[in-house]
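Asks: Chain order of the listed sequences is A and B.
Letter by letter, the first sequence follows residues 50 to 309 in the working numbering.
Letter by letter, the second sequence follows residues 35 to 278 in the working numbering.
It is possible that some hints are incorrect.
[Said to hold, decoys possible] Okay, derived cross-link-like pairs now, DSS-like style, lysine-lysine, Cα gap no bigger than 25 angstroms in a straight line:
#: 1; chain 1: B; residue 1: K233; chain 2: A; residue 2: K255
#: 2; chain 1: B; residue 1: K109; chain 2: B; residue 2: K68
#: 3; chain 1: A; residue 1: K248; chain 2: B; residue 2: K233
#: 4; chain 1: A; residue 1: K170; chain 2: B; residue 2: K274
#: 5; chain 1: A; residue 1: K156; chain 2: A; residue 2: K170
#: 6; chain 1: B; residue 1: K50; chain 2: B; residue 2: K68
#: 7; chain 1: A; residue 1: K170; chain 2: A; residue 2: K132
#: 8; chain 1: A; residue 1: K170; chain 2: B; residue 2: K78
#: 9; chain 1: A; residue 1: K144; chain 2: A; residue 2: K170
#: 10; chain 1: B; residue 1: K265; chain 2: B; residue 2: K249
#: 11; chain 1: B; residue 1: K78; chain 2: A; residue 2: K82
#: 12; chain 1: A; residue 1: K309; chain 2: A; residue 2: K82
#: 13; chain 1: A; residue 1: K248; chain 2: B; residue 2: K224
#: 14; chain 1: B; residue 1: K226; chain 2: A; residue 2: K309
#: 15; chain 1: A; residue 1: K118; chain 2: A; residue 2: K82
#: 16; chain 1: A; residue 1: K256; chain 2: A; residue 2: K170
#: 17; chain 1: B; residue 1: K101; chain 2: A; residue 2: K170
#: 18; chain 1: B; residue 1: K50; chain 2: B; residue 2: K101
#: 19; chain 1: B; residue 1: K78; chain 2: B; residue 2: K101
#: 20; chain 1: A; residue 1: K256; chain 2: B; residue 2: K50
#: 21; chain 1: A; residue 1: K309; chain 2: B; residue 2: K265
#: 22; chain 1: B; residue 1: K224; chain 2: A; residue 2: K170
#: 23; chain 1: B; residue 1: K265; chain 2: B; residue 2: K250
#: 24; chain 1: B; residue 1: K249; chain 2: B; residue 2: K224
#: 25; chain 1: A; residue 1: K154; chain 2: A; residue 2: K109
#: 26; chain 1: B; residue 1: K269; chain 2: A; residue 2: K256
#: 27; chain 1: A; residue 1: K296; chain 2: B; residue 2: K265
#: 28; chain 1: A; residue 1: K255; chain 2: B; residue 2: K249
#: 29; chain 1: B; residue 1: K144; chain 2: B; residue 2: K68
#: 30; chain 1: A; residue 1: K106; chain 2: A; residue 2: K156
#: 31; chain 1: A; residue 1: K248; chain 2: B; residue 2: K226
#: 32; chain 1: B; residue 1: K233; chain 2: B; residue 2: K249
#: 33; chain 1: B; residue 1: K109; chain 2: A; residue 2: K309
Rather than coming from a laboratory, the hints here were simulated on the basis of the structure.
Just so you know, these numbers come straight off a predicted model, no measurement behind them.
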Amino acid sequence: MAGKIVSIHSFRGGTGKSNTTANLASQVAMTGKRVGVVDTDIQSPGIHVLFGLDEHKMGKTLNDYLHGKASIREVGYSVGDNKVEGEGRSQLAGKNLFLFPSSIKGKEISQILHEGVDFNKLNEGLQTAITEFNLDYLFIDTHPGLNEETLLSIATSDILIIILRPDNQDLQGTAVTVDVARSLDVPNLFLMVNKALPKYDFAEIKKDIEEQFQAIVTSVLPLSFDMAENASRDLFSLRYPDHEWSKALKNIVPHILNAK
Amino acid sequence: MTGDILNKIRETEFFKELSDDASAAVAAKASIRKFAVGDALMRKGDPADSFFVILDGHLKIVTTDAKGDEIIINKVGPGESIGELALVDERPRSAGVVALDAVEALELTKEAFFDLLNHRLDVSLGILRGFSNRLRFSTTYIEKVIDWSQKTAEGDYSFMEQTQPINNRTGNDDDKAAQLLSAFYSMVRKVKAREETLKQELERLTFEIDQERRKKEFDEITGSEFYAKLKEQAKSLRQKRADQ
């Protein structure tokens, strides 16, 4: 069976999307699955930081691939083969987790924004990544909003996870995203609520949003100061597996593994 | 010495276990002192050279904070004794004692006290007995408090149903131990109540979606040529992957 594309999306920025993607991909890799993570947030890449890949260690990037200067194989960075610092991250040693980073060089970012992304090429890259790295799951960290790149990643995904905060503005945008995803026949659609204030009734939030959208809310994750304190220095759910946030995050894993 | 004074002596924790004869021996060695409002019986840091049994009136036990302001640690009244522990452990006064109204107290100097210990085995034994009672009593309560603390930490409040709160507020130390238990009990009751209200008071968020706007935005996105092409591509891509 071919690998599945899991797109992680949010309508607005600041929902904790990259953090969720990195933690989720790591948790799936911890189960023994072969996992890839593509940073298609070309305008503001950032997920590499969570995996401990710093600027000067970064080799070929997705930008190089899109410009025909590198193959997808060259872009893939094996997190499990590289010794990374951090109590959480180091647990990924020996796991099959591959990162496909976007360039963080200003010049390369503006170049690609100016020229636009060649969608066919990007699509081909995603498919090649799955076959060449023999991936079970390829996670796509998208740019917030509903621009063309994002629509593409939604269109190609087998599993779409939309992250939202429990507020009306996020809900309004999520409603449109859900409609678009249905129109594009995305086979598996999940919602994940992040940054919920502990004073609210999480069970009610889950119920209300599920009713609004007729879609599964996998979990409601709390707004966490501990999480903010960690400040992307490590993979939080691996480092603090018993934390409320981590436990709620891990609830999503079976939804991904069982998706058809 | 009148019988009233002997009774006052035996009311104190320190001399509680003394026989009539031994109490009389203590009374004979002691002298009655009178203090007016604001008089200091002792100051913090003074050497411990005597102790007092309060016969009448009230006093405050005070210390000073970092800024030099007075803090009242406790208030004491008739039947209570002050300063006896310092006599035994020979440390300087840990706090000052000031009369709140006209006070009459029995003072036993250090020499008189040790003289009694030297010559009256019944007085020594009585004092020792008092000490050991206090210890035994305190230990029982401490064990109880430890047990309750552990249970509370685990969120197990079942002990509250099996325990009746004790609440008497006389001045002696046995009662202070009981007061600790009682204060602990009421603390746990309040913690439990707060926990329960917190569970009930979880706020309910209400969501509203502007359906008209939702439809308009959806139409804008899906109405483009790009979208139509994308939809086609997505379909064939999925088909292709499914066939692999």
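Asks: Please go over all the hints and tell whether each is borne out by the structure.
Replies: Structure-based check of all given hints:
{"no.": "1", "hint": "B:K233 x A:K255", "in the structure": "17 angstroms, holds"}
{"no.": "2", "hint": "B:K109 x B:K68", "in the structure": "18 angstroms, holds"}
{"no.": "3", "hint": "A:K248 x B:K233", "in the structure": "9 angstroms, holds"}
{"no.": "4", "hint": "A:K170 x B:K274", "in the structure": "16 angstroms, holds"}
{"no.": "5", "hint": "A:K156 x A:K170", "in the structure": "21 angstroms, holds"}
{"no.": "6", "hint": "B:K50 x B:K68", "in the structure": "23 angstroms, holds"}
{"no.": "7", "hint": "A:K170 x A:K132", "in the structure": "31 angstroms, violated"}
{"no.": "8", "hint": "A:K170 x B:K78", "in the structure": "84 angstroms, violated"}
{"no.": "9", "hint": "A:K144 x A:K170", "in the structure": "28 angstroms, violated"}
{"no.": "10", "hint": "B:K265 x B:K249", "in the structure": "18 angstroms, holds"}
{"no.": "11", "hint": "B:K78 x A:K82", "in the structure": "71 angstroms, violated"}
{"no.": "12", "hint": "A:K309 x A:K82", "in the structure": "16 angstroms, holds"}
{"no.": "13", "hint": "A:K248 x B:K224", "in the structure": "20 angstroms, holds"}
{"no.": "14", "hint": "B:K226 x A:K309", "in the structure": "46 angstroms, violated"}
{"no.": "15", "hint": "A:K118 x A:K82", "in the structure": "30 angstroms, violated"}
{"no.": "16", "hint": "A:K256 x A:K170", "in the structure": "40 angstroms, violated"}
{"no.": "17", "hint": "B:K101 x A:K170", "in the structure": "73 angstroms, violated"}
{"no.": "18", "hint": "B:K50 x B:K101", "in the structure": "39 angstroms, violated"}
{"no.": "19", "hint": "B:K78 x B:K101", "in the structure": "16 angstroms, holds"}
{"no.": "20", "hint": "A:K256 x B:K50", "in the structure": "67 angstroms, violated"}
{"no.": "21", "hint": "A:K309 x B:K265", "in the structure": "20 angstroms, holds"}
{"no.": "22", "hint": "B:K224 x A:K170", "in the structure": "64 angstroms, violated"}
{"no.": "23", "hint": "B:K265 x B:K250", "in the structure": "19 angstroms, holds"}
{"no.": "24", "hint": "B:K249 x B:K224", "in the structure": "51 angstroms, violated"}
{"no.": "25", "hint": "A:K154 x A:K109", "in the structure": "12 angstroms, holds"}
{"no.": "26", "hint": "B:K269 x A:K256", "in the structure": "32 angstroms, violated"}
{"no.": "27", "hint": "A:K296 x B:K265", "in the structure": "36 angstroms, violated"}
{"no.": "28", "hint": "A:K255 x B:K249", "in the structure": "24 angstroms, holds"}
{"no.": "29", "hint": "B:K144 x B:K68", "in the structure": "19 angstroms, holds"}
{"no.": "30", "hint": "A:K106 x A:K156", "in the structure": "18 angstroms, holds"}
{"no.": "31", "hint": "A:K248 x B:K226", "in the structure": "18 angstroms, holds"}
{"no.": "32", "hint": "B:K233 x B:K249", "in the structure": "38 angstroms, violated"}
{"no.": "33", "hint": "B:K109 x A:K309", "in the structure": "75 angstroms, violated"}
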